[in-house]
Each structure stands twice: as structure tokens, then as C-alpha cells.
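Take a look at the letters that make up each chain.
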Amino acid sequence: MNVFQEFFYWLYDAYGLNFIVFYDSWEFNRYLVGLTNTLYLCVICVVLSVVVGIAGAWLQTSRFAPLRWVVYCYIQFFRNTPPLAQMYFFYFGLGSVMPRITNDMGLQEPMFGNFEWAIIALTLFAGAFNVEIFRSGIEAVPKTTVEAASALGYSRWKAYVHIIFPLALRICMPGLTNNLVNLLKTTSIAYAIGVAEVLYVANQIWAVEFNVPEMMNLVLVTYLVIVSSFVWMMSRITKRMRIPGYNW
Amino acid sequence: MNSSDEKIQVSLRDVRKSFGALEVIKGVSMDVRKGEVVCIIGPSGSGKSTLLRCINALVPIDQGSIDVCGIQVNDPDLDELELRRRIGMVFQSYNLFPHRTALQNVMMAPIHVLKQDKAEVEQRARALLEKVRLSEKADAFPGELSGGQQQRVAIARSLAMRPEVMMFDEVTAALDPETVNEVLFAIRELAEDGMTCVLVTHEMAFAREIADRVYFTDRGVIVEYGPPAELFGNPQDPRTQDFLGQIL
Ligand SMILES: Nc1ncnc2c1ncn2[C@@H]1O[C@H](COP(=O)(O)OP(=O)(O)O)[C@@H](O)[C@H]1O
Ligand SMILES: [Mg+2]
Numbered sequence: 000m001n002v003f004q005e006f007f008y009w010l011y012d013a014y015g016l017n018f019i020v021f022y023d024s025w026e027f028n029r030y031l032v033g034l035t036n037t038l039y040l041c042v043i044c045v046v047l048s049v050v051v052g053i054a055g056a057w058l059q060t061s062r063f064a065p066l067r068w069v070v071y072c073y074i075q076f077f078r079n080t081p082p083l084a085q086m087y088f089f090y091f092g093l094g095s096v097m098p099r100i101t102n103d104m105g106l107q108e109p110m111f112g113n114f115e116w117a118i119i120a121l122t123l124f125a126g127a128f129n130v131e132i133f134r135s136g137i138e139a140v141p142k143t144t145v146e147a148a149s150a151l152g153y154s155r156w157k158a159y160v161h162i163i164f165p166l167a168l169r170i171c172m173p174g175l176t177n178n179l180v181n182l183l184k185t186t187s188i189a190y191a192i193g194v195a196e197v198l199y200v201a202n203q204i205w206a207v208e209f210n211v212p213e214m215m216n217l218v219l220v221t222y223l224v225i226v227s228s229f230v231w232m233m234s235r236i237t238k239r240m241r242i243p244g245y246n247w
Numbered sequence: 000m001n002s003s004d005e006k007i008q009v010s011l012r013d014v015r016k017s018f019g020a021l022e023v024i025k026g027v028s029m030d031v032r033k034g035e036v037v038c039i040i041g042p043s044g045s046g047k048s049t050l051l052r053c054i055n056a057l058v059p060i061d062q063g064s065i066d067v068c069g070i071q072v073n074d075p076d077l078d079e080l081e082l083r084r085r086i087g088m089v090f091q092s093y094n095l096f097p098h099r100t101a102l103q104n105v106m107m108a109p110i111h112v113l114k115q116d117k118a119e120v121e122q123r124a125r126a127l128l129e130k131v132r133l134s135e136k137a138d139a140f141p142g143e144l145s146g147g148q149q150q151r152v153a154i155a156r157s158l159a160m161r162p163e164v165m166m167f168d169e170v171t172a173a174l175d176p177e178t179v180n181e182v183l184f185a186i187r188e189l190a191e192d193g194m195t196c197v198l199v200t201h202e203m204a205f206a207r208e209i210a211d212r213v214y215f216t217d218r219g220v221i222v223e224y225g226p227p228a229e230l231f232g233n234p235q236d237p238r239t240q241d242f243l244g245q246i247l
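Protein chains in written order, with numbering that gives the first Met the number 0: chain S, 0 to 247; chain G, 0 to 247.
Derived by calculation from the structure, the hints in this document are not laboratory data.
Check each hint, because a few of them may be wrong.
Unchecked claim - Calculated pairs, EDC-like style, for lysine to aspartate or glutamate (alpha carbon to alpha carbon, straight line, at most 20 Å):
#1 S:157 to G:78
#2 S:157 to G:81
#3 G:117 to G:143
#4 S:157 to G:79
#5 S:238 to G:61
#6 S:142 to G:79
#7 S:238 to G:143
#8 S:157 to G:116
#9 S:142 to G:138
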């Protein structure tokens with residue numbers, strides 16, 4: 000045992016505070032796996048949900064009405080239903096009717112495992128809000144600026160890429176940060192379909208050790224660190240993108 | 000200037016345009032020859048801005064025909080880029096791209112839209128900024144420039160596309176009185192270089208000095224037109240007399 004582990008063992012011994020992951024390397028590794036999975040979920044879902052948001056906002060400006068309705072229905076569905084129910088819907092509902100595939104060893108297995116379903120559900124959940132956020136950003140770009148781009152020969156697409164989107168992104172950074180923070184916290188519901196993320200692993204540990212308060216504190220502190228690091232990063236990006244003479 | 004054997008660059012024939020039930024342009028015809036400077040004056044709401052927007056296809060017309068440098072603007076298969084590289088437009092509210100520096104604003108369209116070589120475009124952009132006397136502001140953002148400076152960058156930005164015709168829509172209307180002259184100076188230089196110009200303006204003294212022909216519009220029609228000395232010195236129509244009486 001190193002000094003760090005000895006301290007936590009002493010803490011347990013002397014005061015009954017059982018932070019087992021800090022003195023038992025096997026439990027520590029188990030918690031590390033949970034942390035890694037949580038971070039994976041966070042990074043993948045943040046990236047994918049932003050992509051969904053940008054694509055959806057672009058589709059909503061389409062002149063083809065059915066496309067706009069599809070995006071509209073998607074947003075309404077995911078905004079107005081609980082994320083946990085969505086997760087169940089995907090994993091138990093869709094998961095059971097998806098075709099099965101044959102793996103390398105010739106066995107039948109589901110096309111998506113619980114980890115993949117968690118990514119899909121969380122991405123679509125946060126993506127729906129991101130579409131709305133990006134759309135409001137796009138709408139806040141002055142029409143006259145877009146007109147100036149047209150007058151210079153910009154096509155709709157080029158104006159979007161070079162002018163509308165860069166400005167919209169700056170306008171919607173605060174809203175985007177809020178929604179992504181919400182997404183980070185919501186990754187914990189992947190617990191409900193058995194994804195071995197932080198909360199799930201903590202639960203496995205306390206089921207054996209009966210140290211619920213200690214593990215819950217650890218889980219909360221873990222999220223606190225993840226979320227505040229993320230917020231710090233987003234505020235750095237926001238600052239870097241700031242335009243002189245504008246407050247967005 | 001003013002030689003009637005120069006070829007016609009902008010030609011309008013009985014152009015009509017309505018927004019819903021409101022007919023804004025009620026049969027306007029007009030010819031502008033290469034190198035000519037034409038001013039359009041008239042009370043606000045008479046359809047001057049709409050007319051300019053029709054000429055570069057920002058607004059589709061309902062009836063009549065518009066020809067710009069041999070391009071049929073009302074053709075349903077209009078190649079908008081081909082049109083807009085030939086005709087530049089400067090707006091009352093400058094409409095610079097706020098997230099790019101003055102130099103970048105001038106360089107963007109030739110690079111993004113015409114796919115021209117970056118180094119060559121930069122050289123041209125710097126020369127244009129020098130022409131509008133803003134070399135030292137090349138790296139400033141629009142938010143850091145005065146209205147008059149922004150408007151001169153907007154003129155340089157339009158010129159970077161090497162248009163054959165320039166349109167100006169009340170480009171000094173939003174400026175402080177002391178900066179109006181620096182913008183008018185830039186336009187005067189352009190006109191002296193032989194650029195074909197269509198100006199909507201409330202600067203009567205400037206129109207009188209610079210124009211080859213002045214059109215007076217009211218409620219969507221051209222009431223009368225002629226050389227500035229005649230139109231300002233001896234207006235025929237009572238509406239023109241009325242308008243000039245109020246404004247001079
Ligand atoms: N996009 C539009 N939709 C509806 N009405 C418009 C639009 N653009 C201009 N108008 C109307 O057309 C009329 C002429 O406007 P405008 O061309 O801007 O006049 P001016 O530039 O001479 O002041 C006004 O009554 C204005 O409200
Ligand atoms: Mg106007």
C-alpha cells in the first residue's frame with residue numbers, strides 16, 4: 000500500500016468511512032472502468048449531438064416542407080418525453096425488434112449493445128435541444144448580413160458555412176453550454192440499461208460494501224469535476240470566439 | 000462618360016413588383032450605359048431599395064424584364080453567381096461580416112465564391128483598402144470601425160469582385176454628418192474611374208454634382224428624369240417640385 004491508500008485505510012479503520020476505491024486497487028480499477036465509460040459517453044454524445052443539432056438546424060431552413068416536418072416531429076418527441084423513458088424505448092422497445100447479426104464466432108447477437116443504445120438515445124435527446132439552440136442562433140443572424148452575402152455571390156450553402164453558422168455559433172454558445180452540461184449529467188441514466196458507467200459501478204460496489212454515503216459522495220464529486228471542467232473549456236472557447244465590438 | 004454610343008449595361012423594361020397586395024414597383028423602365036452615373040431620388044417608401052434589389056435578383060420581379068451586362072435577370076434559370084460577380088451592391092447598414100477583419104471582409108468573396116488565388120486576392124484587397132484610405136485598419140474588426148470606415152470597407156469588399164456595375168442604396172443615410180464626405184469621396188473616385196454606378200441617395204448636392212442623369216421616383220413609378228441641371232433646376236412635375244421643395 001502506498002501512502003495515499005494507507006491514509007484511506009486508516010480513515011476506514013479509525014472512523015468507519017469506507018472509501019474502498021482509494022485503498023483497494025481492484026475496486027479502484029473497477030471505478031476507473033466506470034469513469035472511463037462515463038467519459039466515453041460524454042465525449043461521444045457531445046460531439047454527435049452537436050452534429051445532429053447543426054444538421055437539424057440546416058434541414059429546418061430547407062425549402063422542402065416534409066423535411067422540416069420530420070425535424071419538427073423529432074424535436075417535439077425528444078423534448079417532451081423523459082430521457083429515461085426514451086432510453087427504455089430504444090433499448091427494450093427498438094432493441095428487441097432490430098435484426099440480429101452473426102458475429103465472428105458464428106453466434107447470433109443484437110446489432111447494438113446497451114452501450115450503443117445509450118449513445119443513440121442520449122445523442123438524439125440532446126440533439127433535439129441542440130437543433131432548437133442552433134436554429135435560434137441562425138435566426139438571430141441579421142437578414143441584412145445574409146443579404147450582403149447573397150449580393151456578393153454566395154450561394155445558400157456557402158453563406159451558411161462561412162457567415163451564418165460562424166455567427167450563429169457565437170450567439171448560441173451560452174445555450175449550447177447549458178444543454179451540453181445537461182447532457183453530461185443525463186449520461187448517468189445509462190445506468191438503467193446496465194451500462195457500466197460511474198453510477199452503475201458505484202452501485203455494484205456499495206451493494207457489497209454497504210458504503211452508500213461514501214460512494215454517492217464520490218459519484219457526485221466525480222460529476223462535479225467533469226461538468227466544471229467542461230464548463231471551463233466552453234467558456235475558454237466562447238472567449239476565444241468573441242468578436243471585438245460585439246457582446247456575442 | 001455620357002457618350003450615347005457606349006453599350007447599355009443595365010436595362011429595365013416595364014418592371015413590376017408586388018409584395019402581396021401592395022404593388023411597390025409599377026412599371027419602371029430605365030437604361031444605364033457603361034460608365035454612366037445614375038441617381039435615383041424620391042420619398043421614402045417609393046420603392047427605390049426594392050428596385051435595386053430587383054436588379055441584382057435579391058427580389059424576383061413579377062413582370063417586365065431586366066438585363067444586366069447581357070444577363071437576363073428574370074430568366075428562371077438565372078445563374079445568380081454570374082450576375083452578382085458583375086454587379087456589386089453597397090447597403091445603407093454596411094452589413095460587413097462582423098467576425099472577420101476589414102481585410103478578410105474584402106478577401107472573402109473572391110476566395111469563397113470565385114475560388115481565386117489567396118495571395119493574388121490579398122494583394123488586390125490591400126490595394127482596395129488603400130484606395131478607400133483604410134490601409135491602417137486592415138486588421139481591425141468591423142465593430143472597431145466607425146460607420147464611415149465600415150461603409151468604405153463595404154465598398155472595397157464589393158469592388159474586390161471586380162464588378163462592372165455598382166449599386167449604392169442610401170449608403171450615407173446612417174452616417175454621422177462628418178463622415179458622409181469620406182464615403183462620398185470614395186464613390187466620386189470610382190465614378191471618375193469610369194465605373195457604372197446606380198445610386199439611391201438623399202444627398203442632393205452630391206447627386207447634382209456626380210450624376211449624368213437623375214430619376215425621381217414616387218410610389219413605384221418614375222415621375223420624371225433628366226440631367227441633374229434640368230431636374231433640379233427646372234422640375235416639370237408638381238410631385239418633383241414638391242419633393243425638392245421639402246428637401247432643399
Ligand atoms: N420584403 C418586403 N415585404 C413586404 N413589403 C416590402 C418588402 N420590402 C419592401 N416592402 C415595402 O415596399 C415599399 C417600398 O419599400 P422600399 O423599396 O424599401 O422603398 P424606399 O427604398 O424607396 O424607401 C414599402 O412600403 C415597404 O414597406
Ligand atoms: Mg430604401
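The hints, checked one at a time:
no., hint, in the structure
1, S:157 to G:78, "holds, 15 Å"
2, S:157 to G:81, "holds, 16 Å"
3, G:117 to G:143, "violated, 25 Å"
4, S:157 to G:79, "holds, 13 Å"
5, S:238 to G:61, "violated, 47 Å"
6, S:142 to G:79, "holds, 18 Å"
7, S:238 to G:143, "holds, 17 Å"
8, S:157 to G:116, "holds, 18 Å"
9, S:142 to G:138, "violated, 25 Å"
Checked against the numbered hints listed earlier, the structure breaks hints 3, 5, 9; every other hint is satisfied.
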